[in-house]
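*Asks:* Chain order of the listed sequences is A and B.
Residue 112 in our numbering sits at position 112 of the first sequence; the count goes up by one each step and never skips.
Residue 77 in our numbering sits at position 77 of the second sequence; the count goes up by one each step and never skips.
Hints in this document: simulated from the structure, not taken from any laboratory.
Fair warning: there could be bad hints in the mix.
[As the list claims (entries may be wrong)] According to the in silico footprint, chain A covers these stretches of chain B (three or more CB under 8 Å from chain A):
hint, segment
1, 84-90
2, 93-104
3, 113-121
Quick reminder that beta carbons are idealized off the backbone N, C-alpha and C, glycines included.
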Amino acid sequence: MFRFFLRRVALTLPTFVALMFVTFVAVRLVPGDPIEARTGERGIAPERLAMLRHDLGLDQPVWQQFLHYANGILHGDFGVSIVTKTPILHEFAILFPATLELAFCGLIFAIVLGIPAGVIAAVKRGSIFDHSVMTVALAGYSMPIFWWGLLLIMFMSEYLGLTPVSGRMDLINYYFEPVTGFMLIDSLLSDQEGAFGAAVAHLILPSIVLGTIPLAVIARMTRSSMLEVLSEDYVRTARAKGLSPLRVVGLHALRNALIPVVTVIGLQTGTLLAGAVLTETIFAWPGVGKWLIESISRRDYPALQGGIMLISGIVILVNLIVDLLYVAINPRIRHGG
Amino acid sequence: MPLLSIRNLSVTFATGRGPFKAVDGVDLDVEAGELVAIVGESGSGKSVAMLAVMGLLPWTAKVTADRLSFDGQDLATLTPRERRKIIGRDIAMIFQEPMSSLNPCFTVGFQIREAMAAHLDLSRAQRQARAVELLELVGIPEPVRRLKAFPHQLSGGMSQRVMIAMALACRPKLIIADEPTTALDVTIQAQILDLLLRLQSESGVGLVLITHDMGVVAETSQRVCVQYAGQQIEMQTTRGLFRDPHHPYTSALLAALPERAHGRLLPSIPGVVPGLADRPKGCLFSPRCRFATDTCRTVPPPRANAALGHALCHTPLVDGVPRAQEIAA
Chain A
1 MFRFFLRRVA LTLPTFVALM FVTFVAVRLV PGDPIEARTG ERGIAPERLA
51 MLRHDLGLDQ PVWQQFLHYA NGILHGDFGV SIVTKTPILH EFAILFPATL
101 ELAFCGLIFA IVLGIPAGVI AAVKRGSIFD HSVMTVALAG YSMPIFWWGL
151 LLIMFMSEYL GLTPVSGRMD LINYYFEPVT GFMLIDSLLS DQEGAFGAAV
201 AHLILPSIVL GTIPLAVIAR MTRSSMLEVL SEDYVRTARA KGLSPLRVVG
251 LHALRNALIP VVTVIGLQTG TLLAGAVLTE TIFAWPGVGK WLIESISRRD
301 YPALQGGIML ISGIVILVNL IVDLLYVAIN PRIRHGG
Chain B
1 MPLLSIRNLS VTFATGRGPF KAVDGVDLDV EAGELVAIVG ESGSGKSVAM
51 LAVMGLLPWT AKVTADRLSF DGQDLATLTP RERRKIIGRD IAMIFQEPMS
101 SLNPCFTVGF QIREAMAAHL DLSRAQRQAR AVELLELVGI PEPVRRLKAF
151 PHQLSGGMSQ RVMIAMALAC RPKLIIADEP TTALDVTIQA QILDLLLRLQ
201 SESGVGLVLI THDMGVVAET SQRVCVQYAG QQIEMQTTRG LFRDPHHPYT
251 SALLAALPER AHGRLLPSIP GVVPGLADRP KGCLFSPRCR FATDTCRTVP
301 PPRANAALGH ALCHTPLVDG VPRAQEIAA
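One chain only, chain B, in its complex shape (with noise of 0.2 Å):
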């Protein structure tokens, strides 16, 4: 039994101009211990999927999905109070956004050992004494002055260091990552990650790792989720992924890597993500897959099984060459 277990989860927003489904069809499964990466570009979904797992979403938002289990409960059918019993002791998140992830108005301290009073039953002086204990693990000199600190008294850094340890606070099995180095400096996303992969590795939590970084994705993560428009498109093991990807739309990401390009030129894809107004009737890709066919612009995609990566394709690629699914299987 998976720690985490997510089948056909969709998400879809009440807007102004009629639904829209930024979340479609989304299974995943992540064991204890593990590290699962989520790929895919801005609007494809990825955030708004792992906030449906813990509950985030505004209430604009409608979420369905065949299973959402977490550590054999059904996250759909508990009551609001006790989904939170769950959401910030068993899984935890960190944002994308450090700075402002921070309640401006409260010290570090404050803010890091409110998760424990809500869940642990722990004195003050043990909550306090977990608070350095726990600034000392992510690597923040002084720990006892830092906890005295308020949030705009650090850098976007420290401020992350500070996020990660208020999501250890309560010993969780399943961290939730999202794009966590994003809005950090280079100097400083290569350190973040680095403590990230350290914690996961020494503390043996489940971490999922939302990233738009193919390089963070190739260093980390066991297994790799790829998304599109809102559509999990492929998912297979890392190195799987990156020896033969079986969607054209990886493949063309992973030719994008400037480690891998071959000309003077920097392969792209053309276009942009569809939105509300021009989403496309078959596969969302055809418009920018180089391998479209007429039935990939009219009738949506079947999914492949596991050997071609649970493509989301009509013509699967194998070794870079387009196949029918029945051929390709």
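Excised from the complex, chain A in its bound form (with noise of 0.2 Å):
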């Protein structure tokens, strides 16, 4: 199991040298550098933007660039934002929970209908609910984000006027510092009435946006998994027993069917990173998604290694937990070899 874990470990370092290597030179093929960005149409006296790229290193040579951002990340030092001056480590851990919160809730979205319509469409195969799970599950695959995040928008804010539009909390009627940067939780301890749950409604449309493509992964994963598990002959087992179908459906048949699952879910990490970008973006979310999308259009630099390092890396150490987690759900890894 050490071993394992050792090993599995030092895989993941040259996926993290790749990543770097790949960050810095996506962000500078990017046309414009950070200079450029700010000063706009009117331009600027040469003197002084040699002056303002000598400022930032820029005027070196790129693979010296290149050598000075990589010790800066040995080192844990992610640089410092050109617009805000703020370190970028600072500026992500603020604007993260943001983005975790949502992801979070996307994903417990998608897992808590993802499994159950699986396991039913697969029990029921061939019936009505198999066939409209599947059909609706493809839709929501296939739906681009921002399209479906303003479908609900319309749908739900305008029309039903049932949850806010953008956001994560009425700022008229609540205000609160920060504690844990989760709102619902900073709601919880604000002891304003009413805070969280205008943090729930506030999280409802960005966490169905957010959850229905891994919610349709999850339900087809699970769907196609189950169905190989329930002509098992231990499925018969259990049957034979005389135990009752949900615990034979639900016990002996979930837990193996579950198990290529739960590296989907894993997966779905990076997607729903990913995702959030996009629904960030739309629901004006104040999370990391939004900051990048930003951060391009300023070039800054710093920002955009610094941010999609760590974004990677996080889904880097997911995977890696699901790796373990993975082993923990089947004993023929965790005893063999």
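Using the hints, build the complex out of the two chains.
*Replies:* See below:
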């Protein structure tokens, strides 16, 4: 187990190096640089441009810039934002809870709906329920996030008036200092009546939008995995014991069927964080995704590089955790080798 | 009143190419404590018939029977919930593939205790004690440690012992063993069979042994039922069957046993069991039968009386010679 863990961790190192390189290059392939992005069309005196570039180290050869950046990351220094002059790590720490809260709720939405839907579709395969679930899942998977988000805003917020259109909180009615950065927790800690309800209301639409693709993937995966497991001999053995269908399906079959589903859920964290970029932009959600989009238009190199590195690091970390979790729920891996 | 009583049991599967009758009019009585064998080659419907008794067939299967009763209760009219009270407690089943019949995600102990938790009113400690006792009974050393093992840590023979322990957990009245030794090594086969027979005689449980091994039938059972292509073609005492088989198929099966063969070449039955597409009009065995007449090929055979082993044949054999039914009787 410990050796498996070490090997798995060692495997993530080359991924990090490659990431560092790709983000650095990709950011610089975007036309324009931070100074030009700020001065705009009016232009700037050449001497002043050279001076500003020198200040930011942009006049150095690219390979030197890369070494400087890589060296910083190895020492845990992600640089300072060109625009706000605050350390990237600090900005990220303030914004990330918002993204995490959204991603977490989106994932919960996807799991809570996706697994039962997949299980029921498999048990009642060929039924109307099965066909409807699979059709809806396909539609959900194929729908562009931004369009789906706009549709929901139009229907739920504009037409029905049920949910807020954007943001994380009604800032006119409630104000409190962030303690944890998670609005659900902070609103509870604030002791202001109705604040928690407002936080939940703001989360509903973005969570649905962000959770839709993972929901579709989880439902389809659960269904196919479940179909396979339901025809296994040990499911027949469980039924031969006279156990209730709920126990046969929900314990004996699902426990085995979940093994691939957990992997898929882990892989969805990447989708979630990528989807968060769009979702946050649609709902004006003050998280990392929206911050990255804004950083692109400002050509804020350190913010982009650092932000992407941090996000990718989290995805890699989650995948690592999922692999370890996989071992925990599958005794055949736990004891083998 | 027999423990298990089946009359005219049929199972039809809905397939892509129309309905397929996997079991066609099977009768079977099993008395308490009796050992009955069902023999037949692969695809003869012997497992399917017993799965129908257990209620374990997939939803594509349609089961009909004039009588399907166990211990005085009509299995066909019970609600699923009532039926589950009998399944696993009074009737238990042992399967062909022990390795895949145990759930890989749960320990052996969990799976044995689970059956007791579902049916018996025992405390946690009592269930654990009984599980240890059961593993000792089926000859597994270090039972306490083995209960914590996962199925993939066990060999095939060991897994089948666990399956047997699981079947015995609630002290059933009837055990259905579906080719319990087929998937095992030859040396282990004998051990598992001996174990089953010992447990059967010690506990007085009824046992239906599904097998395709005539040798096993000869050694173990009191009565034997021969199936061919879903039909029950002969049913009589084991001794009677080996002395004077009445159906030509049974006769040919016995002639193919190495210990009974005379010449240098082992006799075999030409052809294969008919499938969905090539089902003969008359007797299903007629294309492969040495004694088949034109009547056999066109008219479905009648069932002979008990003296002729209930043989499903126009011309049942008596001492190896075909006779018309009226004359034979």
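*Asks:* Run every hint past the structure and note whether it holds.
*Replies:* For each hint, the structure was consulted:
no., hint, result
1, 84-90, "holds (count 6)"
2, 93-104, "holds (count 8)"
3, 113-121, "holds (count 4)"
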